[in-house]
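S.K.: Using the sequences and the hints given, assemble the complete structure.
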Amino acid sequence: MKFIHLSTDENIATIVLNRPKVNAINEIVVEELGDCFQKLATDQNVKAVILTGEGSFFSFGLDVPEFLGYSKDSFTEFLIKFTDLYSYIFQFPKPVVAALNGHTIAGGCMLALACDYRLMVSEKAKISLNEITFGSTVFHGSVQMLKYCIGERSAESVLYGGSMYSAEEAKGLGLIDEVVSKDNLREVAEKVAQNFAGKDSRAFRDIKMLLRKHVAEEMRRREHDSILEFADIWYSESTREKLKKIKIRD
Amino acid sequence: MKFIHLSTDENIATIVLNRPKVNAINEIVVEELGDCFQKLATDQNVKAVILTGEGSFFSFGLDVPEFLGYSKDSFTEFLIKFTDLYSYIFQFPKPVVAALNGHTIAGGCMLALACDYRLMVSEKAKISLNEITFGSTVFHGSVQMLKYCIGERSAESVLYGGSMYSAEEAKGLGLIDEVVSKDNLREVAEKVAQNFAGKDSRAFRDIKMLLRKHVAEEMRRREHDSILEFADIWYSESTREKLKKIKIRD
Amino acid sequence: MKFIHLSTDENIATIVLNRPKVNAINEIVVEELGDCFQKLATDQNVKAVILTGEGSFFSFGLDVPEFLGYSKDSFTEFLIKFTDLYSYIFQFPKPVVAALNGHTIAGGCMLALACDYRLMVSEKAKISLNEITFGSTVFHGSVQMLKYCIGERSAESVLYGGSMYSAEEAKGLGLIDEVVSKDNLREVAEKVAQNFAGKDSRAFRDIKMLLRKHVAEEMRRREHDSILEFADIWYSESTREKLKKIKIRD
Chain A
75 MKFIHLSTDE NIATIVLNRP KVNAINEIVV EELGDCFQKL ATDQNVKAVI
125 LTGEGSFFSF GLDVPEFLGY SKDSFTEFLI KFTDLYSYIF QFPKPVVAAL
175 NGHTIAGGCM LALACDYRLM VSEKAKISLN EITFGSTVFH GSVQMLKYCI
225 GERSAESVLY GGSMYSAEEA KGLGLIDEVV SKDNLREVAE KVAQNFAGKD
275 SRAFRDIKML LRKHVAEEMR RREHDSILEF ADIWYSESTR EKLKKIKIRD
Chain B
75 MKFIHLSTDE NIATIVLNRP KVNAINEIVV EELGDCFQKL ATDQNVKAVI
125 LTGEGSFFSF GLDVPEFLGY SKDSFTEFLI KFTDLYSYIF QFPKPVVAAL
175 NGHTIAGGCM LALACDYRLM VSEKAKISLN EITFGSTVFH GSVQMLKYCI
225 GERSAESVLY GGSMYSAEEA KGLGLIDEVV SKDNLREVAE KVAQNFAGKD
275 SRAFRDIKML LRKHVAEEMR RREHDSILEF ADIWYSESTR EKLKKIKIRD
Chain C
75 MKFIHLSTDE NIATIVLNRP KVNAINEIVV EELGDCFQKL ATDQNVKAVI
125 LTGEGSFFSF GLDVPEFLGY SKDSFTEFLI KFTDLYSYIF QFPKPVVAAL
175 NGHTIAGGCM LALACDYRLM VSEKAKISLN EITFGSTVFH GSVQMLKYCI
225 GERSAESVLY GGSMYSAEEA KGLGLIDEVV SKDNLREVAE KVAQNFAGKD
275 SRAFRDIKML LRKHVAEEMR RREHDSILEF ADIWYSESTR EKLKKIKIRD
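From first to last, the protein sequence lines stand for chains A, B and C.
Count the first sequence with my numbering and you get residues 75 to 324, in order.
Count the second sequence with my numbering and you get residues 75 to 324, in order.
Count the third sequence with my numbering and you get residues 75 to 324, in order.
Heads up, some of the hints might be wrong.
Identical copies look the same in the list; a pair holds intra-copy or inter-copy alike.
[Said to hold, decoys possible] Only pairs whose alpha carbons sit at most 30 Å apart, straight line, appear in this in silico DSS-like list of lysine-lysine:
1. LYS321 with LYS121
2. LYS318 with LYS146
3. LYS121 with LYS318
4. LYS287 with LYS155
5. LYS256 with LYS273
6. LYS121 with LYS256
7. LYS113 with LYS319
8. LYS76 with LYS146
9. LYS265 with LYS198
Keep in mind that the hints were calculated from the coordinates and are not lab data.
M.R.: Printed below as a string of structure tokens:
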């Protein structure tokens, strides 16, 4: 795999996003992540998964400059794959711990929301669904995951404001579960994952489905319509102008 | 318009309820509010709306003494218009800021719940859905908006108790977003509205629909049944006795 | 009745679970509770109900050792009755106050969740949905009641962790509404019940239905499937081994 590093230690698998410098999400990243999760779903040894990133970003979100070169149809095709990916993680039959090593923005935040537990580093990293600030909307499924995670009212503040939250603020909102120092991130993530791994696998899977199936059904019900609307807005003149100003530092 | 004052300053429209002394809601108020919002929906200059009132009440709620003179059928017709109004505001395509200048009671609270952001003055003003205290129920749609705003469990406390909350208590519950002094209300409301107005209009509208469409559908699904039940209870002997004791100070 | 004591004082009925020493739930307990609630539903004198227990347990939950002697079919039949019972209490037309006199575990916690208000003693008592710790799942309806009560995200923590919460911790989560000393439990419960009893009965019933009908419908929609899955897991070899280790102290 080109942008993902996958390793397994005892019964904990760790997936590392490694697409320097900001782990921007493109088609290859989505395909490789999908492949990883599908492999881990059937690997009897693996009882829990950690999802993390290299560098000062967990993920910048979608690779805007790259996607500006896409036709609307190709971009729409990609969005279907991306939303399928977070829906799959949201219902993944094993526990998934997000170890947010740095900035967790837009599409990166959507991946984090799909997990079962979120740790985030205490330093400069910010977490945000900032789509509104560059004239973009979000996807129906991502709104459902956000509501599930922090409730409807806070979901509204997060999406209307598009603010960048520190780990502490994000914990207050419920966007993340625990703040840890950068040095301790891997260690704490492994402890959390081991704790999950110690639960009865079938009982865990069943309880997760009881909690999330209803949400996942609602996600599916309108995801496609919201993708078409998302693409319409991306290809509108005013939003396109704003998107062109987005630079990926590297 | 008789009881509503509408003005526009740059791209912010302000709607002021002005039916002395308590801004009690009757058919004319509902019609005029509906007309205002419909006009503002298509006014390209208007990017955000402030809804506020004159005097020490934002609104007392429905004008009980006036409605006691209505036949059950006419009252039911009115309730359909009133619930249509709050549903329309709940899904209004532009941001609506409620600047709660004073007591915000029953039907008045329902209008406030439909907005995107609620400011309330810090002084003596109370906010309440106190229907249970005079033997009345509420509407299905208003329960959905309340759940959306403060969660299911708090919605239950608010409705079972029928308590009068100060602005500070209401903020703790999530019923309002911000407490301001009476002198600063207009200024802060304008800042909040300008901040909303600065967002991309189409992205805002789309995100608002992603957040609220699902709720609005559920509101509609059972609103009519709940109106019939509401009217039945209003016209029951025991509730009618309690309603007759309600006085509007003026 | 064998395991239930029912008394009425003015317009408050009190149901006491009394199956020494831990008020474990078996078929007789479920039938007697169902009979009590059905009788109280139509008793015009009764305006509110208190549900409590004798001893240091409100309830240990299902009587695991007894049910290990059941065939899968008989156990499934019982589960239908048990989930019907909590669904009935959840929609009971009169206010129900849970006065949690001691440990409130698993199935005991589900009964408590169905009530309108939960008081819990401040001493050693714990409350928990600890099914995952012995390889069991829960029921769809119990998940819906839990989400209703504490929100989706906290529901996930409670069920994934299976932790034992003190009354104070449970109050923080929203699992209970008020912590009281053991000596004051009955007195406070009666005050809460009298306060409920003072509300207009029809308005209360209608508001309760507006709040809960939607939840109850969702509970019903998948309850049966979740019972079959629950029984499958109980009769799996690995869970059965864990269940055999559960002892009821007496």
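S.K.: All hints, please: hold or fail.
M.R.: Here is what the structure says about each hint:
no.	hint	result
1	LYS321 with LYS121	between (39 Å within a copy, 29 Å between copies)
2	LYS318 with LYS146	within (15 Å within a copy, 60 Å between copies)
3	LYS121 with LYS318	between (43 Å within a copy, 24 Å between copies)
4	LYS287 with LYS155	both (20 Å within a copy, 24 Å between copies)
5	LYS256 with LYS273	within (27 Å within a copy, 34 Å between copies)
6	LYS121 with LYS256	within (25 Å within a copy, 42 Å between copies)
7	LYS113 with LYS319	neither (38 Å within a copy, 35 Å between copies)
8	LYS76 with LYS146	within (26 Å within a copy, 50 Å between copies)
9	LYS265 with LYS198	both (24 Å within a copy, 29 Å between copies)
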